[in-house]
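Protein chains: 4
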Amino acid sequence: MKNQLEISGVKEECGVFGIYDIDGKDVAPSVYYGLCSLQHRGQESCGIVVSDTKGPRGNISYHKDLGLVGEVFKEENLSRLHGDLGIGHVRYSTTGASTRENAQPLVLNYIKGTLALAHNGNLVNAEQLKEELVYGGAIFHTTTDSEMIAYFIARERVHTASVEEAVLRTARKIKGAYGLVIMSPRKLVAVRDPFGLKPLCLGKRDNAYVVASESCALSAVGAELIRDIEPGEMITVTAEGIRSNKELQQKERAHCIFEYIYFARLDSRMDGVKVYDARIRAGRALAKAYPAKADMVTGVPESGLTAARGYAMEAGLPFEAAFYKNSYIGRTFIKPTQQERESSVRLKLNVLESVVKDKRIVLVDDSIVRGTTMANLIQMLKGAGAKEVHVRISAPPFLYPCYYGTDVPSNDQLIASSHTEEEIRQMIGADSLGYMKIEDLQTMVGDMGICKACFDNRYPIDPGK
Amino acid sequence: MKNQLEISGVKEECGVFGIYDIDGKDVAPSVYYGLCSLQHRGQESCGIVVSDTKGPRGNISYHKDLGLVGEVFKEENLSRLHGDLGIGHVRYSTTGASTRENAQPLVLNYIKGTLALAHNGNLVNAEQLKEELVYGGAIFHTTTDSEMIAYFIARERVHTASVEEAVLRTARKIKGAYGLVIMSPRKLVAVRDPFGLKPLCLGKRDNAYVVASESCALSAVGAELIRDIEPGEMITVTAEGIRSNKELQQKERAHCIFEYIYFARLDSRMDGVKVYDARIRAGRALAKAYPAKADMVTGVPESGLTAARGYAMEAGLPFEAAFYKNSYIGRTFIKPTQQERESSVRLKLNVLESVVKDKRIVLVDDSIVRGTTMANLIQMLKGAGAKEVHVRISAPPFLYPCYYGTDVPSNDQLIASSHTEEEIRQMIGADSLGYMKIEDLQTMVGDMGICKACFDNRYPIDPGK
Amino acid sequence: MKNQLEISGVKEECGVFGIYDIDGKDVAPSVYYGLCSLQHRGQESCGIVVSDTKGPRGNISYHKDLGLVGEVFKEENLSRLHGDLGIGHVRYSTTGASTRENAQPLVLNYIKGTLALAHNGNLVNAEQLKEELVYGGAIFHTTTDSEMIAYFIARERVHTASVEEAVLRTARKIKGAYGLVIMSPRKLVAVRDPFGLKPLCLGKRDNAYVVASESCALSAVGAELIRDIEPGEMITVTAEGIRSNKELQQKERAHCIFEYIYFARLDSRMDGVKVYDARIRAGRALAKAYPAKADMVTGVPESGLTAARGYAMEAGLPFEAAFYKNSYIGRTFIKPTQQERESSVRLKLNVLESVVKDKRIVLVDDSIVRGTTMANLIQMLKGAGAKEVHVRISAPPFLYPCYYGTDVPSNDQLIASSHTEEEIRQMIGADSLGYMKIEDLQTMVGDMGICKACFDNRYPIDPGK
Amino acid sequence: MKNQLEISGVKEECGVFGIYDIDGKDVAPSVYYGLCSLQHRGQESCGIVVSDTKGPRGNISYHKDLGLVGEVFKEENLSRLHGDLGIGHVRYSTTGASTRENAQPLVLNYIKGTLALAHNGNLVNAEQLKEELVYGGAIFHTTTDSEMIAYFIARERVHTASVEEAVLRTARKIKGAYGLVIMSPRKLVAVRDPFGLKPLCLGKRDNAYVVASESCALSAVGAELIRDIEPGEMITVTAEGIRSNKELQQKERAHCIFEYIYFARLDSRMDGVKVYDARIRAGRALAKAYPAKADMVTGVPESGLTAARGYAMEAGLPFEAAFYKNSYIGRTFIKPTQQERESSVRLKLNVLESVVKDKRIVLVDDSIVRGTTMANLIQMLKGAGAKEVHVRISAPPFLYPCYYGTDVPSNDQLIASSHTEEEIRQMIGADSLGYMKIEDLQTMVGDMGICKACFDNRYPIDPGK
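Chains L, Z, A and D, in that order, give the protein sequences.
Position 423 of the first sequence, counted from 1, bears residue number 423 in the UniProt record's numbering, the numbering being contiguous throughout.
Position 369 of the second sequence, counted from 1, bears residue number 369 in the UniProt record's numbering, the numbering being contiguous throughout.
Position 286 of the third sequence, counted from 1, bears residue number 286 in the UniProt record's numbering, the numbering being contiguous throughout.
Position 12 of the fourth sequence, counted from 1, bears residue number 12 in the UniProt record's numbering, the numbering being contiguous throughout.
It is worth saying that the hints were derived from the structure and are not from the lab.
A few of these clues could be false.
Taking lysine-lysine and the BS3-like style, the derived pairs with C-alpha atoms no more than 27 Å apart in a straight line are [claimed, not checked]: (1) A:K288 - Z:K382; (2) A:K288 - Z:K357; (3) D:K325 - L:K204; (4) A:K288 - A:K274; (5) D:K54 - D:K25; (6) A:K204 - A:K274; (7) D:K387 - L:K274; (8) Z:K112 - Z:K54; (9) A:K357 - Z:K204; (10) A:K175 - D:K54.
Since this is a predicted model, take the numbers as computed values, not measurements.
Could you build the full structure based on these sequences and the hints that come with them?
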């Protein structure tokens with residue numbers, strides 16, 4: 001009976017943004033710029049919902065569609081979104097399928113009028129929750145966990161005095177990772193999962209409060225970072241100001257380490273740690289664990305560049321940019337087929353011969369998936385005259401799935417799941433190879449509680465599988 | 001408390017289509033051609049959902065969007081819709097607002113997997129039903145009655161053995177007009193409201209059963225009309241064949257007369273009456289009630305042409321086509337502004353001088369809304385040499401709103417609601433004017449039970465206003 | 001050497017429009033509405049060029065693209081076209097190929113600044129002219145005759161005092177059919193070929209002069225038809241008014257009969273003959289030549305309707321509309337494949353059973369091309385109960401190509417080129433069949449000089465083939 | 001009389017590509033990838049023309065439009081371009097106006113069939129040439145110099161034995177900068193202006209010859225750089241192989257220094273000098289001329305990064321990446337208005353606080369235009385804790401216009417044309433400011449002849465102004 005209720009494989013790796021300008025200014029442009037700054041967290045679809053809190057009840061307008069923020073929003077549709085309260089969402093593309101229906105924020109009518117919700121994360125008890133709902137006669141328009149969260153809020157709202165109370169009750173039922181931003185016509189509510197698996201931070205600009213998945217979105221809109229929203233904390237912003245509720249808090253924390261390794265933007269700061277610093281420390285740790293006799297250090301753009309700098313600092317070697325990256329090769333690029341002589345890697349990246357000729361090179365990246373790209377890059381470096389290429393990976397190999405909404409490559413895609421390091425080294429043609437040690441993950445971020453289940457199989461929340 | 005729950009003003013005047021090919025052939029092309037034939041019932045949006053009944057559970061695919069059938073569906077997206085069971089919908093455009101979310105068929109996940117629903121009609125107890133649902137914690141993605149129907153089906157399905165049983169229980173709760181086509185992964189269910197306000201008919205092509213709002217859609221796909229689905233009847237088609245359930249039937253009937261006057265396609269047959277014949281009879285009745293000393297009869301294309309023929313037959317006068325209609329003036333046409341010398345009417349219709357010169361003309365149409373178009377046409381006819389123009393309207397003046405989903409013009413748009421016939425005659429510049437008498441509406445369709453509330457304020461179902 | 005210079009097979013069947021408002025009002029909307037009225041003459045591409053004659057030299061703006069007038073022009077691009085002098089063009093689609101470059105009006109820079117040109121027709125000495133030009137070093141951007149005309153005008157303009165003089169000299173060189181509208185920054189020039197093969201007429205609205213391929217475009221913009229531009233006449237409109245030049249005139253005339261049979265709009269008047277009247281006379285002539293024992297006459301929409309009326313008048317039989325035509329089946333419609341049960345004809349046209357049941361029917365159309373559509377229609381009529389179907393064609397069979405730019409079906413497409421009338425009758429399943437007699441073509445239009453070369457192989461201008 | 005012939009202000013800064021695969025393989029994908037690699041040279045429009053040299057005469061197909069290569073070309077249109085010989089073009093956007101007509105390659109019919117032409121550069125005698133042509137009766141479809149070149153080739157072709165000969169004769173008439181790629185149905189011709197103002201290089205891949213504006217395009221398609229095409233050299237590729245003609249050569253050379261400063265891709269090599277090396281040398285020269293007491297060096301992404309590295313090397317200071325660049329901020333991005341609090345600069349670039357805090361920083365870029373962006377960046381650096389910011393510019397101030405097709409900012413846009421260095425320093429808020437000395441331009445590229453007229457007003461070819 002259980003398996004009839006399908007849970008979509010669509011990953012919930014996304015970015016959320018919310019703003020309430022108590023002075024009553026239009027916020028749609030700020031949501032737009034905030035989403036532009038969170039675009040790296042999701043490129044499949046995006047959306048903005050605003051409410052004119054001074055207007056009559058339910059004066060809500062929105063626009064969402066498949067595409068990048070800069071493609072979906074144009075002067076003409078952005079200028080139609082009037083209101084001093086707004087939320088936005090960018091969604092990660094993991095499949096090519098058309099999923100316009102899954103675009104967020106969700107906008108729903110319920111007992112109290114309209115509710116909008118933007119969610120980053122994944123629930124581990126989604127199947128049980130869905131079962132509970134469908135046995136109560138629920139219908140779903142999307143295949144997202146987010147709609148289930150919305151449902152529980154709506155159900156609880158029937159018996160509660162406020163939307164916050166309904167959100168709190170819902171938060172007690174759902175298990176998993178979430179950074180949630182919820183908007184009723186006159187209230188902005190943001191809540192973060194008790195383990196702090198997903199990031200969420202709070203900022204201020206004049207008399208406007210801003211919440212966002214990452215602090216870079218605050219900078220983008222000219223807001224100051226006040227602090228991270230704490231794990232298990234719920235923030236409510238109304239015309240009267242801001243309130244915090246920490247009923248859901250617990251002691252144990254498990255911040256997703258993958259945000260620091262790869263996902264978050266280099267200029268963001270999360271839970272007190274700058275992403276840049278964490279990556280520098282990752283490179284330093286690599287250099288200590290796997291030194292190399294080399295003339296220079298370089299990184300694969302953009303994913304390996306910062307760890308490469310850290311490696312270079314620790315090793316006392318010069319850091320050099322060995323590759324030119326063609327920024328015009330975008331999503332709609334037609335990839336060369338097998339028959340054609342051009343290479344996708346070479347079209348995106350080209351070696352700067354002057355930099356690498358006759359050099360022994362340490363090449364840093366954050367992961368090796370199939371190994372083909374890395375093999376190509378090593379070949380290009382050697383073709384341009386590099387004498388040796390020592391590959392260093394600024395994370396351990398992924399070996400276990402993520403149940404909290406981060407899209408780590410699956411086992412069958414990963415060369416590391418079926419080959420030894422020495423086999424991989426030979427396959428990619430490197431002169432040496434070193435992966436970061438699991439114990440150094442903690443080094444990256446200091447004494448923060450982290451989730452590194454994808455490396456060590458220790459899940460802070462039982463995924464029930 | 002009550003008014004917080006908004007009911008959208010979007011009219012539910014639409015067309016529905018369903019087909020189950022028991023021999024297992026792909027039905028998406030037939031749904032496409034069926035919808036092309038029902039396009040006159042709705043031009044705002046359209047959609048097709050299909051299920052591969054032989055495939056694994058829930059193997060459902062769909063596509064829907066704003067636009068005409070020929071705009072929304074292209075080889076590339078139509079060819080991706082595989083399945084032997086399918087339903088489709090065309091929706092009427094009453095507002096310019098973007099309502100992509102309201103496009104049908106609705107596709108939902110519920111306790112039994114997937115459910116798709118296409119609805120033509122409007123409920124009169126929608127507010128009460130919505131209140132009941134939201135107090136149970138329901139959330140709504142659309143502003144349509146149709147989503148409420150889907151909700152009740154889902155709720156009932158929890159406690160019932162089959163989708164038909166859930167549909168029946170739902171039908172007992174909802175009051176209003178509906179032609180409903182519902183699809184579960186392996187079942188096609190069609191149900192018609194007990195008064196028969198909305199049309200729905202049944203056809204067959206080899207081993208495939210077809211349901212549609214109008215018989216013209218059966219012809220289009222090469223199916224034979226078996227019969228109308230009876231008011232209050234529910235038809236179920238499965239791999240085993242077809243079943244009928246008449247538990248909801250009642251004695252009283254109230255077929256919408258507006259379908260015969262204007263809305264249905266000329267070549268359709270509904271509840272035993274050919275639309276063409278009804279319009280001919282309307283014209284004949286007009287001629288008896290309001291004869292005219294004239295040389296010829298003509299009609300406003302396309303709405304007045306058939307009644308004009310009927311008038312001509314009864315009056316023993318020649319019927320002539322006095323206007324050329326430019327079929328390229330479509331939806332995206334830029335209308336002349338007040339400043340410009342061109343006239344919208346003249347761009348769409350031009351008089352054939354040879355036909356009208358020196359003639360006394362009877363000009364038939366099915367309604368006069370603001371009167372400006374009619375005044376223009378009369379001016380054009382006289383400008384081309386017509387000596388007299390006697391206007392005859394093949395329906396009484398609309399005076400009361402329709403609560404069952406038909407988009408009759410509202411009072412403030414209607415010249416007839418604030419002027420006498422003589423005033424109207426003068427305003428449009430006609431030599432005489434006659435509206436069909438209310439008693440002749442019955443003449444059009446024989447002894448069938450009809451709803452003519454928009455003319456006489458007698459509503460078969462209490463609208464509760 | 002000769003054959004290296006390719007002449008495109010693209011047919012020059014098009015519509016042209018020009019207007020100069022001496023009072024200085026913007027004309028782009030009028031060009032737009034004029035082109036909407038000429039849309040039947042060409043659906044492939046369209047364009048508008050305007051000049052602000054009061055502005056600085058060469059203040060010309062334009063927009064053109066593939067598509068219908070209503071698709072190519074939107075408020076946003078139309079409102080950017082400012083000027084009191086403008087010309088426009090609609091082009092006929094004979095191939096599916098992308099020919100954006102061939103869209104007209106042509107807009108060119110030449111010795112005197114800018115020149116725009118819109119051309120309806122085809123030259124028979126295009127190859128010789130092109131040879132002359134290329135041997136002088138000319139380059140061509142399009143594959144149209146029109147560019148050659150532009151070239152000669154530019155060449156002549158070097159040595160002449162005015163653009164009219166250059167146009168006249170060019171007209172002496174080119175042989176063939178043309179309705180030409182030419183615009184320099186402050187002059188509108190219109191010229192018609194000496195035989196009058198292509199139509200061109202002149203109208204006036206207040207202080208604005210209008211030229212157009214057909215008079216229906218004058219009506220559309222509220223202009224009065226002054227008269228046809230005479231064969232061999234050149235009209236020039238400037239701020240000072242209008243001038244006529246008849247130097248090119250000759251005695252012999254050869255107005256294209258195909259305009260009256262099919263191509264021109266029913267409400268146009270050309271060279272003194274109303275198109276409607278000509279088609280009525282065609283039907284009458286058919287009825288005299290091929291009477292039938294029948295109960296009613298009908299026509300294939302829209303091409304056969306008016307001749308059918310003429311037949312009915314002459315025969316004293318009632319004319320009836322036997323078919324319902326689905327006006328939503330447009331250009332982007334996906335046609336049924338062989339495998340599918342639906343029929344393209346049935347999707348476009350459906351029989352009104354009440355009209356045809358138990359009737360002996362005369363069915364009129366203007367041509368039979370492959371015969372498949374006609375066979376389908378006869379089958380549909382008989383399927384709906386028609387007892388007999390007598391087919392009458394309101395033109396003789398096309399047997400010879402048109403070299404003057406009219407797209408008559410080619411021999412290999414035409415059933416008539418390889419079968420006797422009796423064979424065709426059997427193939428289409430008609431009870432009798434009659435084509436108009438060649439001598440009756442003259443009957444249609446009175447004593448006007450006509451070109452009927454496609455029927456009788458007598459070409460007024462030697463096509464040189 | 002002269003000024004009536006307008007020469008468009010559209011700049012001819014572009015990229016060209018050509019390939020002939022003598023083994024007969026389809027080249028369209030290679031042209032596509034080549035253009036992707038040249039996209040930095042022009043983002044307004046692009047086009048590809050191919051010829052099937054084994055097919056019948058004139059078997060040419062093409063596609064071009066406004067937009068980036070990845071937007072204009074899709075699988076469906078690229079796969080329709082069959083041929084073993086092809087050329088392509090990317091055009092620089094200097095105006096927002098729609099200039100679809102100006103998109104290249106130009107495709108023309110002329111005496112010998114079809115000719116396609118792609119041009120990078122600008123002529124200084126365009127007005128005289130145009131006058132000569134229009135007095136011969138020429139007509140122009142575009143407002144580009146390129147069409148004039150095509151015209152002269154066509155004219156000369158009438159009297160010459162081959163297209164090469166016609167190109168040579170044309171080259172003798174035109175004065176200015178050009179990298180030209182010309183294609184007749186079975187020949188690829190490439191020619192470079194005698195001063196070598198514009199770049200053009202030659203490569204080989206198996207049995208295919210490739211020409212391109214930059215060597216990076218050769219790498220992209222897997223071709224080896226053979227050598228630069230020499231100034232004044234013409235290369236012809238046919239089925240028989242490759243020929244060189246140096247009749248146009250002269251002694252004096254004047255390679256555009258702006259290519260090395262900014263325009264060319266970092267991984268290209270031009271006239272024997274690697275662009276990367278030139279920029280490193282620029283940075284070194286700056287460091288010698290304007291040393292600074294600083295803790296680190298950084299560059300404005302991407303324009304200042306490499307010179308910053310050179311500065312750091314010479315100064316013995318660490319190079320650091322101080323900014324995060326948001327690569328999703330593209331062309332369609334809606335820029336903040338004055339009213340909005342967000343800043344365009346901050347949305348594109350954000351400071352990495354960890355890198356700059358408490359540091360004395362050398363900030364390198366290649367130019368200062370209005371100064372507002374630089375002021376913003378300095379403010380951002382100081383806001384993030386930088387103690388001092390010393391600005392170094394890796395080129396002298398632009399003071400004179402470029403007549404050869406490079407889009408250098410005009411005087412009224414340039415802060416340097418109306419302010420002293422000290423004024424600029426104060427306006428941007430820098431602690432010190434240094435521009436590269438004019439004499440160091442030569443240092444960048446060794447003893448190559450260069451054009452640096454935009455800095456020193458010494459034009460190698462008299463612009464005639």
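Going down the list of hints, with the structure as the test:
1. A:K288 - Z:K382: 33 Å, violated
2. A:K288 - Z:K357: 26 Å, holds
3. D:K325 - L:K204: Given pair D:K325, L:K204 holds - Cα atoms ~23 Å apart, limit 27 Å.
4. A:K288 - A:K274: 21 Å, holds
5. D:K54 - D:K25: 11 Å, holds
6. A:K204 - A:K274: OK: A:K204 and A:K274 at ~19 Å, within 27 Å.
7. D:K387 - L:K274: 20 Å, holds
8. Z:K112 - Z:K54: 17 Å, holds
9. A:K357 - Z:K204: Holds, at roughly 23 Å.
10. A:K175 - D:K54: 37 Å, violated
Hints 1 and 10, counting from the list given before, are not met by this structure.
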